[in-house]
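**Q** So the sequences go chain by chain: Y and F.
With the working numbering applied, the first sequence corresponds to residues 11 to 124, in that order.
With the working numbering applied, the second sequence corresponds to residues 730 to 840, in that order.
Treat each hint with caution, since some may be false.
Within a straight-line C-alpha distance of at most 30 Å, the following computed BS3-like cross-link-like pairs (lysine-lysine) qualify [said to hold, decoys possible]:
no., chain 1, residue 1, chain 2, residue 2
1, Y, K90, F, K832
2, F, K832, F, K798
3, F, K832, Y, K89
Treat the hints as calculated values from the structure; they're not laboratory data.
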Amino acid sequence: SQTIHQWPATLVQPVGSPLSLECTVEGTSNPNLYWYRQAAGRGLQLLFYSVGIGQISSEVPQNLSASRPQDRQFILSSKKLLLSDSGFYLCAWGTGLAGGQEQFFGPGTRLTVL
Amino acid sequence: AQSVTQLDSQVPVFEEAPVELRCNYSSSVSVYLFWYVQYPNQGLQLLLKYLSGSTLVESINGFEAEFNKSQTSFHLRKPSVHISDTAEYFCAANSGYALNFGKGTSLLVTP
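This is chain Y alone, in the form it adopts within the complex:
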């Protein structure tokens, strides 16, 4: 069966510090991978998605970046965190072509920027 892992589970970082969040998927190959951010009262905002190794699509311009160094690994990074980067970050994977695929979510990372 497929599983998705995210770490760390929680993170408290000062403004201006770097960020690296990791997501890995097991039990599937060539998944589409996604990073979402969930802020209080604002639903889920798609940040990045990837349909293959080294392929990253950015949905919202900001000080975050994403990389996919391996087929089942997706990393979210920042060189300098802002207060507005606080939130709940969710990684997800899906298979197949656009449209009818459902997505499976990881447990999330709670990021607090102080």
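Fit chain F to the given chain Y structure using the hints.
**A** Just chain F, lined up with the frame of chain Y:
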């Protein structure tokens, strides 16, 4: 691309009462719809989905949703809720390779 509107940010309801969580989408062209549930400090879990075929879809825990093309709606219903149904519920629709989510509805079930 599809957009999704969840009309209610919070829905309080008593235990064993029926509930409806509303969701409207923007376009009926090639639409695929999903309901996800999120318990506190957890990721999202798929509750049910509509891809094609029967317009009424059901989940294993008593929820159901009906795809209504004329009203561009995909409302989620349950005839009798439990305390354990307290959670955030998200409606989503396909958008290219990704999904567009509504802002969520917080369902609070009280005794």
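**Q** What are the numbers of the hints that this structure violates, sorted from low to high?
**A** none
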